[in-house]
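K.L.:
Chain residues, written in single-letter form:
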Amino acid sequence: MRSIDDDAMNDEEFADVRAALGLAATPVTPSTGLKNRVMSAIAMTPQVAPGPRAETPPGATDSTAVAAPGAATTLAQARWFSHPATIMASAVAAVALFFGGVLAADLIVPRSPSEAERLATIVAAPDVSTVVSAVAGGGTATLVASDSVGLSAMVFEGLEPLSTDERYALWYITDGVPTAAGLFAVEDAGVVVHVLDGAFEAGTTVGVTIEPASGSVTPTSDPIVAIATA
Amino acid sequence: MLNLVPSQEPFDDVDADADATVEAASTLLQRVAMGDQRAFSELYDIIAPRMLGLVRHVLRDHAQSEEVVQEVLLEIWQTAPRFDPNKGKAVTWMLTMTHRRAIDRVRSAQSSRDRDVKIGHRERDREYDSVAENVEIRLEHDRVEKALGRLTELQRQAVELSYYGGYSQSEVSEMLGIPMGTVKTRLRDGMMRLREELGVAS
Chain A
39 MRSIDDDAMN DEEFADVRAA LGLAATPVTP STGLKNRVMS AIAMTPQVAP GPRAETPPGA
99 TDSTAVAAPG AATTLAQARW FSHPATIMAS AVAAVALFFG GVLAADLIVP RSPSEAERLA
159 TIVAAPDVST VVSAVAGGGT ATLVASDSVG LSAMVFEGLE PLSTDERYAL WYITDGVPTA
219 AGLFAVEDAG VVVHVLDGAF EAGTTVGVTI EPASGSVTPT SDPIVAIATA
Chain B
672 MLNLVPSQEP FDDVDADADA TVEAASTLLQ RVAMGDQRAF SELYDIIAPR MLGLVRHVLR
732 DHAQSEEVVQ EVLLEIWQTA PRFDPNKGKA VTWMLTMTHR RAIDRVRSAQ SSRDRDVKIG
792 HRERDREYDS VAENVEIRLE HDRVEKALGR LTELQRQAVE LSYYGGYSQS EVSEMLGIPM
852 GTVKTRLRDG MMRLREELGV AS
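From first to last, the protein sequence lines stand for chains A and B. Counting from 39, one number per residue, gives the positions in the first sequence under the working numbering. Counting from 672, one number per residue, gives the positions in the second sequence under the working numbering.
So that you can see chain A by itself, here it is in the shape it has in the complex (with noise of 0.2 Å):
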């Protein structure tokens, strides 16, 4: 960057004129799709901790918050469950987790713009919860939901690539019973997002197994991961 030496324009006494130049500027309409890519994008990006003020207590959260708490473990069935690599799952700040600082907007590309704008909803939503846990075999796995909004996304971080004759399968569990809610296989061990087909509600717990190419009915194996909600 060039100098800004002795330039008015950049001095921190002239912030509040410089904003209120900024503000005497007409404001324009954005589109409809930065809105749905914004939030997105923050919805798989983590916050910087906070800096050396201390007014805001740690731990402090508003009632709407991100994760809503009592979203993580609520054990409903012992398969989904006896797995050792199930939930670890804490709510709050999961989706920190996974990014290690890298904006996640270069790294997520949701694979149409259906699903883009469906995990916008999803995130925007007032209820939404968040809920992060391990993958047997290596990865993570987050959940983000909201009941008002009738649907779910899971966040996949590092998972393996699959034989060609394996899909990753998705899954929703309620009252004991598995509704297949999506097939998808990844090329890399990076980031992946994917909006659960069919309807969410609260209580159900999201699972994923590994199944042959074609899909199954029913899981054929133990899942790699199982997210309860509350």
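Honestly, the hints are just simulated from the structure, not real lab data. Just so you know, even glycine gets a beta-carbon here, dropped at the ideal spot from N, CA and C. Warning: the hint list may mix true and false statements.
[To be verified] Between beta-carbon pairs, the in silico distance windows are: (1) A:V255 to B:K758: 56 to 64 Å; (2) A:S69 to B:G870: 53 to 61 Å; (3) A:S201 to B:N757: 53 to 61 Å; (4) B:D716 to A:L200: 40 to 48 Å; (5) B:S779 to A:D226: 42 to 50 Å; (6) A:E50 to B:D716: 26 to 34 Å; (7) B:R771 to A:G253: 48 to 56 Å.
[What the hints assert, rightly or not] Residues from chain B that keep clear of chain A, each with C-beta distances beyond 10 Å, as calculated: (8) S697; (9) P752; (10) G820.
[As the list claims (entries may be wrong)] Stretch-level coverage of chain B by chain A, calculated; a stretch enters the list once three of its residues show a Cβ under 8 Å from a Cβ in chain A: (11) 700-711; (12) 724-732; (13) 756-763; (14) 766-779; (15) 830-836; (16) 842-855; (17) 864-870.
Using the hints, position chain B against chain A.
P.N.:
The following block gives chain B in isolation, referenced to the frame of chain A:
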């Protein structure tokens, strides 16, 4: 460019609206600092049109301007926990970031080339006039308009070209055909005068 600007009906009462923006942004940013995405959604609704208005005023290209706004919004989200309300207003903090990114962009190689082409196609004076005219028309905040009106002509030119035009001091010097040192002093004098007129805290 002006005919691309949507009508201003949501901003009829401009003073009250600007004040409301300042108030609401401050409250919302503190919630955002705690990871509240819902608050961020509300903050977006009030601040994004302001940010885009400013960036497009500088950059002129709508698509590029939206890119810049998107980057800045992400930066706001990421760094909100570090914002210290005791050190300044939320709106100032956000618009400062916005303006800085807009200037960075306009000075980047590609943008500069586009800009040079645009400038090259016009008379220098006309270019200046269009900047000034846009500024006049777009000023929704009476206080700012009045304050700018109290500057000397040269102070006002320096401030407007520098802030809204995103031109460096040497560019302003070249455009107005006055020495660099004169630009520096006029700009500083102009900003000091504005600060007095606007009664904003330093």
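K.L.:
Let me make sure I understand: some of the numbered hints might not hold for this structure. Which ones are they, in numerical order?
P.N.:
2, 5, 9 and 16
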